[in-house]
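First to last, the sequence lines map onto chains Z and C. Residue numbers for the first sequence follow the numbering used here, beginning at 9 and rising by one. Residue numbers for the second sequence follow the numbering used here, beginning at 33 and rising by one.
Keep in mind that the hints are not guaranteed to be accurate.
Which residues of chain Z face chain C? A partial, calculated answer using Cβ under 10 Å [to be verified]: (1) Gly69; (2) Gly127; (3) Ala161; (4) Gly235; (5) Gly250.
List of simulated lysine to any residue pairs, SDA-like, C-alpha gap at most 25 Å [claimed, not checked]: (6) Z:Lys71 / Z:Glu14; (7) Z:Lys153 / C:Ala69; (8) Z:Lys153 / C:Ala183; (9) Z:Lys153 / C:Arg40; (10) Z:Lys284 / Z:Asp241; (11) Z:Lys153 / C:Ala169; (12) Z:Lys71 / Z:Val204; (13) Z:Lys153 / C:Gly198; (14) Z:Lys153 / C:Asp83; (15) Z:Lys153 / C:Arg151; (16) Z:Lys153 / C:Gly147; (17) Z:Lys71 / Z:Thr114; (18) Z:Lys153 / C:Asp110; (19) Z:Lys109 / Z:Trp49; (20) Z:Lys153 / C:Ser85; (21) Z:Lys71 / Z:His45; (22) Z:Lys153 / C:Arg135; (23) Z:Lys153 / C:Ser172.
With the Cβ distance kept under 8 Å, some of the chain Z side facing chain C (calculated, not the full set) [to be verified]: (24) Val129; (25) His130; (26) His172; (27) Thr185; (28) Arg188; (29) Arg226.
Think of the hints as simulated: they come from the structure by calculation, not from any bench. It should be emphasised that the depicted structure is a prediction, and the values quoted were computed from it without experimental measurement. Glycine residues also receive a C-beta, built at the ideal position from the N, C-alpha and C atoms.
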Amino acid sequence: MTTLVEVPQSLDDRSFEQFAATFAAAPGGSRVLIDAHACEWASPFGLVGLLCAGQALTERGAKPLLTAPADRDVAHYWARAGFFRQAEDLFEIHGTVPRVKPPPETNVLLEVTPVRVAGDVHTIVDRIQERAAAILTAALGLEAKATVGFGMALSEACQNIVEHAGTGGWVAVHAYTWRRRLGRRVVVIAVADAGVGFRQTLEATQAAGFGDRWGDGRALEAAFIHGVSRFRDPGRGQGLRGIRRWLDRWDGKMSIRSGTARIAMVPPWDDDVVLKEGLPMFPGAQLQILVPAATPEAQ
Amino acid sequence: MISEIDVRAVLSRSVCEFHSDLVTRPTGRAVRGGIEAHLEEHPDVTMVVLDFSAVRVLDCSCADEVIAQLLLRHASGDAPRPAYFQVRGLHETHAEQIDDVLRRRGLALVAAERGGAARLLGSFTDLMRTAWERLAAHGSAAAEELASELAWSLEDARRALDELAGRRLVIRSHERYLPLPAA
Chain Z
9 MTTLVEVPQS LDDRSFEQFA ATFAAAPGGS RVLIDAHACE WASPFGLVGL LCAGQALTER
69 GAKPLLTAPA DRDVAHYWAR AGFFRQAEDL FEIHGTVPRV KPPPETNVLL EVTPVRVAGD
129 VHTIVDRIQE RAAAILTAAL GLEAKATVGF GMALSEACQN IVEHAGTGGW VAVHAYTWRR
189 RLGRRVVVIA VADAGVGFRQ TLEATQAAGF GDRWGDGRAL EAAFIHGVSR FRDPGRGQGL
249 RGIRRWLDRW DGKMSIRSGT ARIAMVPPWD DDVVLKEGLP MFPGAQLQIL VPAATPEAQ
Chain C
33 MISEIDVRAV LSRSVCEFHS DLVTRPTGRA VRGGIEAHLE EHPDVTMVVL DFSAVRVLDC
93 SCADEVIAQL LLRHASGDAP RPAYFQVRGL HETHAEQIDD VLRRRGLALV AAERGGAARL
153 LGSFTDLMRT AWERLAAHGS AAAEELASEL AWSLEDARRA LDELAGRRLV IRSHERYLPL
213 PAA
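The whole structure should be built from the sequences, with the hints applied where relevant.
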């Protein structure tokens, strides 16, 4: 039996919940077909989230199927974003997968890139830093000093996979104009894994203190708001705090989804909620960092 | 003896010659190892100036591994001998990372940003900061002089200066306290 999991027409961090709901409902023993043929757009969060789904299903035993977007432009964008190169190890792909050559898509600051070990983080920061500096200052109108913090935020986000996921993950960085929700250009970092998730990472050191209240939401609060780490060393758990501090200065947004909960740092321009619990179960952790262009007044 | 260490050069030797970014904990541990190896090779060094001028990105994890762990080791007596540490050439964002990791561990350090004057980063009291700023601006002082200039009690002045000296943020020489030589 094959279970169909449809990819929303527009896949981003919000519509991802729709995808996660059908993903969570797929029976354990069935083969899964992730159907993206009608997808017209995917954010970097959506792309790395799809890979997490593929990884989780592959680890369950049956290599899932994936239908590529039917729209030629969409399929080309996904190809230029490096999605298919990572997906072909995880999915049996159906449909036309475009073969693209450099130069890469200009909106793609960093194509979908695997993160497995600390050395990968070095390579990623090194590869993106100069292009990111140009985008942040020229296209987003941010001060030059924003670029040093961008590398820090990217590094710390990726290290969460290396240090805590128990498996590999992916990172992607795109720049685009966010017309519907903000009306400004943004740079988005998406980092995701299908690993153990925040709850399991912190369970041994934190669960006892919360008793029956322990769960994905409490784990995210502990890590995101209180800087708690699975290590007892007070020097650990500072990475997410560092990202939040940097984003606060640039009016940015950050969210982390893990298991059945999602926590966000919500800037004044957004109407998201800080903590959502009771979401459909999705493996691992998915993090999004969004930096908007400076407002005309700020420039 | 004062030793100036180019942290970017240590990164090149310890990790990869093409890297300019101090990111990840393993890199931080390797760079700290490189700094400690340098100090072991030069036993006459008592003052260490870590130069970050050529470092591009510094993340929180690496700041903790390089700076905070280095200071902890020397503060706890694990190091072969005591040393005074300063950092210079910091980007504003580097200074924020270092300040945060030092606060988490109750440590402090004298640091200078690129093109800026030296200041304290990390965890310290208002009295310590005021006393340190006085020494940095006007040179050495005894506790009695500081108490008189700042209209503090002698006890407060002595406590602030002794705390600064104990954390190697100033040098105590007999009854006088000296700022660290400008980095």
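Worksheet item: Which hints, by number, does the structure contradict?
Response: 1, 7, 8, 10, 11, 13, 17, 18, 23, 26, 27, 28, 29
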